[in-house]
Amino acid sequence: MGNRSVVPFGPQHPVLPEPVHLDLVLEDEKVLAAIPSIGFVHRGLESLTSKKDFNEMVYVAERICGICSFMHGMSYCMALEDIMNVEVPRRADYLRTIWGEMSRLHSHLLWLGLLADGFGFESLFMHSWRLREKILDMFEASTGGRVIFSVNTIGGVLKDMPADMLKDFVRQLDEMEKEIRETTAIFLDDYTVKSRLVDIGIISGEDAIRRGAVGPMMRASGINVDMRKNGYGAYNDIDFEVITSNKCDSYARCEVRIGEIFQSIDIIRQCVAKIPDTEINTKVTGMPNGESIIRVEQPRGEAFYHVRANGTKFLDRFRVRTPTFANIPALAQTLQGCQYSDVPLLVLTIDPCISCTER
Amino acid sequence: MGQFLPFSKQVLKNLFSEPATTQYPFVPREYPERTRGHVDIDKDSCILCGMCMRSCPPGAIKVDRAGKTWSINRFDCIQCGYCTEKCPKKCLSITPGYQEPGPEKFVYMVEVPYEPPKPAAKPATPTPSQS
Numbered sequence: 227m228g229n230r231s232v233v234p235f236g237p238q239h240p241v242l243p244e245p246v247h248l249d250l251v252l253e254d255e256k257v258l259a260a261i262p263s264i265g266f267v268h269r270g271l272e273s274l275t276s277k278k279d280f281n282e283m284v285y286v287a288e289r290i291c292g293i294c295s296f297m298h299g300m301s302y303c304m305a306l307e308d309i310m311n312v313e314v315p316r317r318a319d320y321l322r323t324i325w326g327e328m329s330r331l332h333s334h335l336l337w338l339g340l341l342a343d344g345f346g347f348e349s350l351f352m353h354s355w356r357l358r359e360k361i362l363d364m365f366e367a368s369t370g371g372r373v374i375f376s377v378n379t380i381g382g383v384l385k386d387m388p389a390d391m392l393k394d395f396v397r398q399l400d401e402m403e404k405e406i407r408e409t410t411a412i413f414l415d416d417y418t419v420k421s422r423l424v425d426i427g428i429i430s431g432e433d434a435i436r437r438g439a440v441g442p443m444m445r446a447s448g449i450n451v452d453m454r455k456n457g458y459g460a461y462n463d464i465d466f467e468v469i470t471s472n473k474c475d476s477y478a479r480c481e482v483r484i485g486e487i488f489q490s491i492d493i494i495r496q497c498v499a500k501i502p503d504t505e506i507n508t509k510v511t512g513m514p515n516g517e518s519i520i521r522v523e524q525p526r527g528e529a530f531y532h533v534r535a536n537g538t539k540f541l542d543r544f545r546v547r548t549p550t551f552a553n554i555p556a557l558a559q560t561l562q563g564c565q566y567s568d569v570p571l572l573v574l575t576i577d578p579c580i581s582c583t584e585r
Numbered sequence: 848m849g850q851f852l853p854f855s856k857q858v859l860k861n862l863f864s865e866p867a868t869t870q871y872p873f874v875p876r877e878y879p880e881r882t883r884g885h886v887d888i889d890k891d892s893c894i895l896c897g898m899c900m901r902s903c904p905p906g907a908i909k910v911d912r913a914g915k916t917w918s919i920n921r922f923d924c925i926q927c928g929y930c931t932e933k934c935p936k937k938c939l940s941i942t943p944g945y946q947e948p949g950p951e952k953f954v955y956m957v958e959v960p961y962e963p964p965k966p967a968a969k970p971a972t973p974t975p976s977q978s
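Chains as they are written, first to last, in the working numbering: chain F, 227 to 585; chain R, 848 to 978.
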């Protein structure tokens, strides 16, 4: 038996700008167990419901995460619309789907960059982020913001995208698709990249279910789970297949996310072709009274929203379970038995967003 | 296992292509029309109703009806645009151009030339004839 020791990983670590702490129990260089602990950036956004009214909370919900900000705002609005029995105009559903898929695109490109940075491939990191920048420009042209979009409102969306803007976006995405294909081919084919990803951090489908993993983590273990298939927004009109992989390792997680980049581009194309010409929001009056549960597929996985209202302008309860929180137990499982040098990379493969997790 | 040096094609491309970044301070960034940079007010149509002050999530806007001023602390503003949605006169708008950083927070104040309508004179009630 080798020497046993406990090495702390984080909360400050060069690989992640966000604070997550892991106590790694090592035997020589091999990780025997990883004990995660969180709670370093708790901001108490959920309890702001007692100070901000339910309309202002849209802007607070958006600020839960800097990457999935659109989806957080959207899910909060969906929950309130469900409580208040508001029918959202179809065009608003389509616009939300387009912006949602653009969020997925930029989140996955960001993740690919971070992954490349994690294994020390700096130029690949810069290329991924160069591509992501164009998506951010598209966001700024359509919503007015690069990170926080503030276009969701209870009852629809606040800004419309005219037909020529949508066409221009599709043209830009067509051009980008070639470049993304060139860049992602390196992730999938390069010898050095593969040596860091293949057969590392294996989690079987059975374990992923037992640990309650969500999103690409689950799909990379061969489990077909995607909340978009529940048909919220415009997804029931869109033709797409859930991307899964049976390899169960870090390479599979990379493969699934790369597949989803191209799938998102395809979904945006389908939305632009089918978008109906209706109003973009309905006027909502009255106070919410009731309870709602919403599940949406964010880039990192399934997010769960629970909102309870009591007929006043302040909500009773607002609770979010974000994908990273659900993936932390699965992360602890993947770390068991890995080499110490692979820990930063494995933490990255769940696409951690700690600010989301702690809200 | 994998291809050897598949990145070389990109490397060659990089050598002979334009940089992806701009020469920032010399070439200023152009913002799209919809950029939410800062809140502007058309002071002539403001009626000092205070809807923007009550709806502002961070509480950056202050409306003083007595002193006839509308003020905003741009360092607190989160550019969400909720005030522009709520404004009944649509005199608030969000335009490109961010607040520049500075050593101390200051409040931007506008004097609003709004005159509240004088209460209408009471209609003369016919006095009951004394007969």
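Just to be clear, a hint being listed does not mean it is correct.
[Said to hold, decoys possible] Cut-off 30 Å, straight-line C-alpha distance, at most; resulting in silico cross-link-like pairs (DSS-like, lysine-lysine):
(1) R/937 <-> F/404
(2) F/278 <-> F/539
(3) R/937 <-> F/509
[As the list claims (entries may be wrong)] Computed footprint of chain F on chain R; a stretch qualifies when at least three of its residues, placed anywhere within it, have a C-beta under 8 Å from a C-beta of chain F:
(4) 854 to 868
(5) 928 to 938
[Said to hold, decoys possible] Where chain R lies over chain F, by a calculated footprint (3+ residues, C-beta under 8 Å):
(6) 276 to 284
(7) 341 to 353
(8) 407 to 413
(9) 427 to 438
(10) 521 to 527
Please keep in mind that the hints were generated in silico from the structure rather than gathered at the bench. Note that CB positions come from ideal geometry on N, CA and C, so glycine has one too.
Quick rundown of the hints versus the structure:
1. R/937 <-> F/404: violated, 44 Å
2. F/278 <-> F/539: At roughly 8 Å apart (the allowed maximum being 30 Å), residue 539 of chain F and residue 278 of chain F satisfy the hint.
3. R/937 <-> F/509: Holds - the C-alpha atoms of residue 509 of chain F and residue 937 of chain R are around 17 Å apart, at most 30 Å.
4. 854 to 868: With 6 residues in contact (Cβ-Cβ under 8 Å with chain F), the coverage given for the stretch 854 to 868 of chain R holds.
5. 928 to 938: With 3 residues in contact (Cβ-Cβ under 8 Å with chain F), the coverage given for the stretch 928 to 938 of chain R holds.
6. 276 to 284: With 3 residues closer than 8 Å to chain R, the stretch 276 to 284 of chain F meets the three-residue bar; holds.
7. 341 to 353: holds (count 3)
8. 407 to 413: It holds: at least three residues are needed, and the stretch 407 to 413 of chain F offers 4 whose Cβ sits within less than 8 Å of chain R.
9. 427 to 438: With 0 residues in contact (Cβ-Cβ under 8 Å with chain R), the coverage given for the stretch 427 to 438 of chain F is violated.
10. 521 to 527: violated (count 0)
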